[in-house]
Amino acid sequence: LKLQFLYFIDITLTNHIMPSTNEWRFIEIGRLVLITRGKYENKVATVIDVVDQNRILIDSPASESAWTGVPRHVATLQDVEATPVATTIQRGLRAGKLAKAVKEQNTLGKWEELKWAKKIQHREARANINDFDRFCLDKARRTRAFTLRKKLAEKLTKAGKKEKAAKVFKA
Amino acid sequence: TKFWKFMREYHKVKRANGEVFGVREIKEKRPGVIKNFGVQLRWYSRTGPVNTSKEMRDTHLSRAVSRIFNDLAGQHRASFSNVQVIRTCTKDAKDCTRPPVTQFHNSKISFPI
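So the sequences go chain by chain: A and B. Numbered continuously in our numbering, the first sequence closes out at residue 444. Numbered continuously in our numbering, the second sequence closes out at residue 104.
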């Protein structure tokens, strides 16, 4: 019984929390990294060099993209999240050449394609919403809910479940 | 600061006889470059003074020395007043000997968090 219990835990944990080893994202020179805390929150930078086990030197030369614009500095790994995207660069590359390499290898493009990046953008857009847009959004959600319930009620009445239909949608 | 203490020890000047004209911060020349700092120290253990040399990898000398002070406090319980920094220098990667520093001397370094 104990073995079965442990096996159950193993499945549940590994499925959702632990990625397999070939999906691990390594901290290496050229790795694109998302800054999750501090002044440059939600900006993306490349790892230029590694100071020690907890610190890395990161840089993100400014470009038209809103994801960039981080000066070269030492960041702790606690405030940073490794992304699946990487650039092939030399250790300690200077800002100008780094910008060139990032542009040539389309690192930011690869990052912006990820669902992760889109989720962050979506979250930020929602947070910076206009009062009028907030009203429109609410109205849209209410309309969607209304239409869905109406359709569901029609389906239920067709299936002969009139009581349930009445609960879902009151005309 | 230790300024007047060392002035007194190495020159014939006391705080009562001396005057500070100006203070200038020595800024790091290349803060965007990671260096290996070698620091020679003299610290007082419970049994007597000990000479040590330590290596630290950092961008700024001041930060490296701060971390070495913290390291001594943690490992040897040597507090700030019991530690004297004798000499600091920047070391090339090939001159470093301590494993905690040399393990990062790898241009293809890669590790998962």
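These aren't lab readings, by the way, just hints derived from the structure by calculation. These numbers come from a predicted model, not from an experiment. Some hints here could point you the wrong way.
[Unchecked claim] In silico DSS-like cross-links for lysine-lysine, where the CA-CA straight-line distance does not exceed 27 Å:
hint : chain 1 : residue 1 : chain 2 : residue 2
1    : A       : K392      : A       : K376
2    : A       : K424      : B       : K(-7)
3    : B       : K18       : A       : K370
4    : B       : K(-7)     : A       : K373
5    : A       : K443      : A       : K428
6    : B       : K45       : A       : K376
7    : A       : K316      : A       : K412
8    : B       : K99       : A       : K383
9    : A       : K388      : A       : K376
10   : A       : K412      : A       : K391
11   : B       : K(-7)     : B       : K18
12   : B       : K3        : B       : K45
13   : A       : K412      : A       : K312
14   : A       : K412      : A       : K392
15   : A       : K440      : A       : K428
16   : B       : K20       : A       : K423
17   : A       : K312      : B       : K(-7)
18   : A       : K437      : A       : K412
19   : B       : K3        : A       : K316
20   : A       : K312      : A       : K391
21   : B       : K18       : A       : K312
22   : B       : K(-7)     : A       : K370
- Okay, which hints does this one fail, numbers in order? 2, 4, 6, 7, 12, 13, 16, 17, 19 and 22
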